[in-house]
Amino acid sequence: MAATAATALALLLAIPAAYALSRFTFIGKGAVETVLEFPIIVSPAALGAIILIFFNNSLGEWLQTNAVYFVFTFAGIVLAQFVTILGLAVRMLKTAFDEVPEELEVVARTLGGSPRHVFFTVTLPLARNGLIASFILTWAKALGEFGATLMVAGSMAMRTETLPIAIFMRLSNADIEGTVALIFVLVGIGLTALYAARRLLKRSVYV
Amino acid sequence: MFEVEALNARLGGFHLQDIHLLLGEGECHAVLGPSGSGKSTLLNAILGSIPITDGHIRLGGDEITRWPMERRRLGYVPQHLGLFPHLSVHENLSYSARARKLARDDFEPLLDRLVEITAIGNLLDRRIATLSGG
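Just so you know, the protein sequences line up as chains A and B, in that order.
Per my numbering: the first sequence = residues 2 to 208.
Per my numbering: the second sequence = residues 2 to 135.
Don't take each hint at face value.
To be verified - Just the calculated beta-carbon pair ranges, DEER-fashion:
1) A:Phe185 <-> B:Glu109: 56 to 64 Å
2) A:Leu125 <-> B:Leu12: 52 to 60 Å
3) A:Gly31 <-> B:Glu28: 44 to 52 Å
What the hints assert, rightly or not - Take a look, some chain B residues computed to stay more than 10 Å from chain A by CB distance:
4) Glu4
5) Gln18
6) Asp55
7) Met70
8) Arg105
9) Val116
Source of the hints: derived by calculation from the structure; they are not laboratory data.
Think of the CB as a built atom: it goes at the ideal place given N, C-alpha and C, for glycine as much as any other residue.
All chains, full assembly: derive it from the sequences and hints.
Here it is as structure tokens:
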């Protein structure tokens, strides 16, 4: 459930961000891309520590008191997963939008389509397979997220125990059978997601 | 009458400078030039898909320089035909009418007449991508 919520939030932000990066040139574009893709290369544990440190300062404390409490909660899991997958979502979605010919958008605009109408009737449909593949892969990545989630949400059984954290806990308690069973589940989900994404990206959206 | 006056436009490092055009109604013209000379940049500037830095564009007496693309009343057929591959033949033909929110009674009779003249009635439900390129 946390992975689905984190993925939905990430895609909500990533779709407009990826479209802007694909179509427009603006000052600071390189910096924006670097910031968005930074979580892809930095250690998830470091990301989690950064989030934890943020919530220990005045702004972070104010947010937790007046908005949502993140540390050691379900919301913390969603936040940690969201931060780790956002960059990946933006990168994959940008690739999907890059493959939609701008020429077709120009044609649609000259035929009377507003930018919003053209986005929903031409751009999104033509990027459909890439969008779905992005959803599947970022969801699978969120599901397997460990380091940042452990830092922010902890490992409380039945409260903030995600699948990777459950694997870690069972291994720590020398429960090898339980560990292997959960590994099979996680690997199975990952392989299925990869296979589905590959099939979608190979298939043309045109037929 | 279509007029371009002192048009300047920039695309990346390319700068189109001081272009003048005057096209009378019913006239047919061609823009010729070597690769990289600015033909596509000029076209995109006239269509409004790239911003112009200076100059004017007028169509039938209207100053359309700052108008959004969808209001300029300029048709555009690109090199690769510009058909929407994910839409059916009928959806392609009616795209403009639906984008401009025209009532079906206003455009369907004309569409039916065009389909009859071109004898493509049997292709209306086919997606463009499934049609032969010839």
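How the hints compare with the structure:
no.: 1; hint: A:Phe185 <-> B:Glu109: 56 to 64 Å; in the structure: holds (58 Å)
no.: 2; hint: A:Leu125 <-> B:Leu12: 52 to 60 Å; in the structure: violated (26 Å)
no.: 3; hint: A:Gly31 <-> B:Glu28: 44 to 52 Å; in the structure: holds (46 Å)
no.: 4; hint: Glu4; in the structure: holds (19 Å)
no.: 5; hint: Gln18; in the structure: holds (20 Å)
no.: 6; hint: Asp55; in the structure: holds (20 Å)
no.: 7; hint: Met70; in the structure: violated (4 Å)
no.: 8; hint: Arg105; in the structure: holds (16 Å)
no.: 9; hint: Val116; in the structure: holds (18 Å)
Going through the hint list in order, the structure does not satisfy hints 2 and 7.
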